[in-house]
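Engineer: Next come the chains, spelled out residue by residue.
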Amino acid sequence: MASVTHAIRALDELLRGDRTRSADLRVGLANIPLRIFIPVAIVLGCTYGLFMGWYAIAAPALPNVPGRTAADPWLQLIASTVKLPALFVFTLIVTFPSLYVFNALVGARLRFIPTLRLLIAAVVINLAVGASLGPILGFFTVSTSSYAFMIVLNAALLGIAGMVGLWFLLQTLRRLTQVAVLDSADEAAAEAGAPPIEGEARAEKVTTANTIFSIWVIIYALVGAQMGWLLRPFIGHPNLPFEWIRGTREGNFFSSVAFHLRQLLGM
Amino acid sequence: MTALAAISSGLARADALIRELGRPRLAGLIERDWRPLLLLIVVFGPIYGAFMGSFDLTPERSLLMLYGGIKVPILILLTTVICLPGFFALNTVLGLRDDFGRAMRAILAGQAALAVTLASLAPLTRFAYTSGVDHRWALIFNAAMFTLATGIGQLVMMRRYRALIAQRPAHRLMLWTWVILYAFVGIQTGWMLRPFVGSPGLPVAFFRPEPFSNAYDALFRIFLRL
Chain E
12 MASVTHAIRA
22 LDELLRGDRT
32 RSADLRVGLA
42 NIPLRIFIPV
52 AIVLGCTYGL
62 FMGWYAIAAP
72 ALPNVPGRTA
82 ADPWLQLIAS
92 TVKLPALFVF
102 TLIVTFPSLY
112 VFNALVGARL
122 RFIPTLRLLI
132 AAVVINLAVG
142 ASLGPILGFF
152 TVSTSSYAFM
162 IVLNAALLGI
172 AGMVGLWFLL
182 QTLRRLTQVA
192 VLDSADEAAA
202 EAGAPPIEGE
212 ARAEKVTTAN
222 TIFSIWVIIY
232 ALVGAQMGWL
242 LRPFIGHPNL
252 PFEWIRGTRE
262 GNFFSSVAFH
272 LRQLLGM
Chain H
35 MTALAAISSG
45 LARADALIRE
55 LGRPRLAGLI
65 ERDWRPLLLL
75 IVVFGPIYGA
85 FMGSFDLTPE
95 RSLLMLYGGI
105 KVPILILLTT
115 VICLPGFFAL
125 NTVLGLRDDF
135 GRAMRAILAG
145 QAALAVTLAS
155 LAPLTRFAYT
165 SGVDHRWALI
175 FNAAMFTLAT
185 GIGQLVMMRR
195 YRALIAQRPA
205 HRLMLWTWVI
215 LYAFVGIQTG
225 WMLRPFVGSP
235 GLPVAFFRPE
245 PFSNAYDALF
255 RIFLRL
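As they're listed, the protein sequences go chains E and H. Numbering follows the working numbering, with no gaps: position 191 of the first sequence is 202. Numbering follows the working numbering, with no gaps: position 161 of the second sequence is 195.
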């Protein structure tokens, strides 16, 4: 019980930005212990997944769909709850190496574990915002039969949460770079006995790093969206038998959302 | 204290509160205690709801007045409860948590203004019904009253938000986030709580007899048929 309260307090401090101040950035984000924040991320992910999978139970299904059993909606609920955190874990595995390398080469030269801490912190913020939008999703779930609407609503809510998480990541990376690049530039200048670099040269170093991080954020978002597509179904079509993974390779996330949006708008 | 004195002191307090809604003061009643705002919503919301349900005053249909009275505060407050966790988390991430109490008071002040404005428009609605509008025009008239009252509620909320935005510009983004979230969820809440006026052909009921449906889905269908 004490550890739950501790975890909630840690989450609250992270959300408020109290664990990513400049002093924390200088000591490799030691204030973001993985053994607390990884379980927190999983619990938050499961919370959103639960709201997401609820549609399988609430949706009116056609009777006698071949291959569909009475247990299917419940299996879908479990699958969604498990798969949502898995989506973030897999996305992290695919994209973490490039973040580490980009950061080591042009950014703040964070070590391996601190870089991981930073990315986990961004995932926690993403999932916390997602879980906090869960009641809205649940509210529409109990009152909506349209599968297309639920797809578009989920894409929108997770899109909002993802943007907030990435905004946090980009902000923190920028501040890290500011702190670290300039610290090390000053150090190098001091070693060479030269005066510290000033003005434009400083700004230029920081701008290059920022551009590279913006590119990385785009990669992360694209991988995340496509990972969601590979791990589908998350919502579960009410008139299809349950599957853990749909398996077929064709299509992609964006064309599917566009298709359901058109279907919803009747175009 | 006699009942009359109690009523008159209650009205005096409501009067002070309503006049303060539109004029934010740092040391005002609302900044000291937000609960009276909730009371305004719960007391004034049902007035309009009851008038809205008074379309057909025959004894068997007058139950709609009671239902309408219950539904209006539910519409306002349920929507708030559903949007609150997301709004809270977003405010926290943007570093605006210290102002959250003031932000919520601004929002509740806007909703109290909405409820009070609606109540003040109730006689107009009754007047329209008495003038013999048909059901379709009754719906349009009510929509117009809600739009007007929502506009005034928005003005009150924005006026209170202005001080917050002056201190931290990020509040502007949160204000619009709230407006969009609230409208998006509120439209669906309103749709689920139908009927408010009561179609003449249908039996009197708290909810429509059919299962809940999605307002946006239904609206798209209506547009497609046009």
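The set of hints was computed from the structure by calculation and includes no laboratory data. Hints should not be assumed to be uniformly reliable.
[Said to hold, decoys possible] Examples of chain E residues lying across from chain H (beta carbon under 7 Å, computed):
| no. | residue |
| --- | --- |
| 1 | L26 |
| 2 | R30 |
| 3 | L144 |
Note that the structure is a prediction, hence the values are computed from the model and not measured. Even glycine gets a Cβ: it sits at the ideal position worked out from N, Cα and C.
Engineer: Could you run down the list of hints and mark each one as holding or not?
Structural biologist: Cross-check of the supplied hints:
Look at E:L26: its Cβ gets to within about 4 Å of chain H, closer than 7 Å, so that hint holds up. Checking E:R30 against chain H by beta carbon gives a least distance of about 13 Å; that is not within 7 Å, so the hint is violated. Because the closest C-beta pair between E:L144 and chain H is about 4 Å apart, less than 7 Å, the hint holds.
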